Each structure stands twice: as C-alpha cells, then as structure tokens.
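A.B. asks: Sequence:
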Amino acid sequence: MSSFPGEEPLRREALRVFVRGLEVEAGIGVYDHEHGRLQRLVIDVMLELEPNAIERLGDTVNYETVAEAARAIAAEGHIGLVETFAERLARACLDDRRVVRAAVRVEKPGALAAAAAPGCEIVLAR
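So for the sequence shown, the UniProt record's numbering puts the first residue at 1; every next one is plus one.
Please keep in mind that the hints were generated in silico from the structure rather than gathered at the bench.
From a predicted model like this one, the values you see are computed outputs, not experimental measurements.
Using N, Cα and C, we set each Cβ at its ideal position, and we do this for glycine too.
Among the hints, erroneous ones may be present.
[Said to hold, decoys possible] Label pairs and their computed distance ranges (CB to CB):
hint	residue 1	residue 2	range
1	Val30	Arg56	30 to 36 Å
2	Arg20	Leu112	17 to 23 Å
3	Ala14	Ala114	35 to 41 Å
4	Arg40	Arg91	18 to 24 Å
5	Val100	Glu76	37 to 43 Å
6	Asp59	Pro109	21 to 27 Å
7	Ala67	Pro5	42 to 48 Å
8	Asp44	Val100	16 to 22 Å
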C-alpha cells in the first residue's frame with residue numbers, strides 16, 4: 001500500500017463486523033400469554049475481531065453465520081427473557097476464536113405500549 005509523501009504508514013486499530021436489524025421470530029417471554037406463540041425480535045450484533053488484513057471470506061466472520069446462530073437459538077424452543085437470548089447469541093459468536101468481543105442487542109417490538117422497542121444489550125469479551 002503506498003502512502004502520500006511525508007505521511008506515516010497507517011495501522012489497523014480495529015475490525016468490527018456487524019449485523020443490524022435482523023428479524024427473527026421466537027417463542028419468548030415470561031408471561032402466560034406469551035407461551036405457545038412466536039414474537040418478533042430485532043437483533044443487532046457487533047463483533048470485534050483482531051485487526052488483521054482481510055483478503056477473503058475465510059479471514060473474517062460471515063454475516064450469514066451470525067443470522068444462522070440467531071435462528072438456531074430461536075428454534076431451540078421457548079426462552080423466558082431477551083437477556084437470555086442475547087447472552088446465548090453472544091456466546092455463539094464467541095465460539096469463533098477470531099471474535100474477541102461480541103455486543104448483542106435484542107429488541108422486542110410490541111412488548112411495551114408507547115415504546116418503540118424495549119430490550120437489552122449484552123457485551124461479552126474474552
């Protein structure tokens with residue numbers, strides 16, 4: 001990589017891979033009326049990787065892998081809390097050793113009147 005005359009070479013400080021606004025239908029909630037039905041979750045995931053050069057897909061995390069993990073968690077069956085869902089997804093993302101930090105935000109639209117979306121965010125790091 002060439003640089004402009006007199007400039008110092010650049011260094012990679014961070015590499016973040018994200019999936020924003022992923023919609024998943026899940027059996028979720030602690031109340032009786034929430035059991036036996038699916039509800040929409042909106043999920044944002046921000047993954048931090050070591051800031052290495054990325055030349056091919058195998059050097060990074062595939063977005064579809066994140067989406068598949070979220071769908072797999074939903075398919076496992078009813079979950080009481082969005083916090084539990086978020087932690088399971090963050091842990092699944094950290095199964096990839098290239099991921100050093102995972103931030104997962106889960107919104108549950110329609111769960112609280114007069115709010116756009118209640119939810120939670122969890123951050124796990126190794």
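A.B. asks: Hint by hint, say whether it matches the structure.
C.D. replies: Verification of the supplied hints:
1. A beta carbon spacing of about 44 Å between Val30 and Arg56 contradicts the range 30 to 36 Å that was offered as a hint.
2. Taking the beta carbon of each, Arg20 and Leu112 are about 21 Å apart, inside 17 to 23 Å as hinted.
3. Look at Ala14 against Ala114: about 37 Å separates their beta carbons, and that is inside 35 to 41 Å.
4. Look at Arg40 against Arg91: about 23 Å separates their beta carbons, and that is inside 18 to 24 Å.
5. A hinted range of 37 to 43 Å for the beta carbons of Val100 and Glu76 is inconsistent with their spacing of about 26 Å.
6. Checked against the given bound of 21 to 27 Å, the beta carbons of Asp59 and Pro109, roughly 35 Å apart, lie outside it.
7. The hinted window of 42 to 48 Å between Ala67 and Pro5 holds, with their beta carbons roughly 45 Å apart.
8. A beta carbon spacing of about 18 Å between Asp44 and Val100 agrees with the range 16 to 22 Å that was offered as a hint.
Comparing the model with each earlier hint shows violations of hints 1, 5, 6; every other hint is respected.
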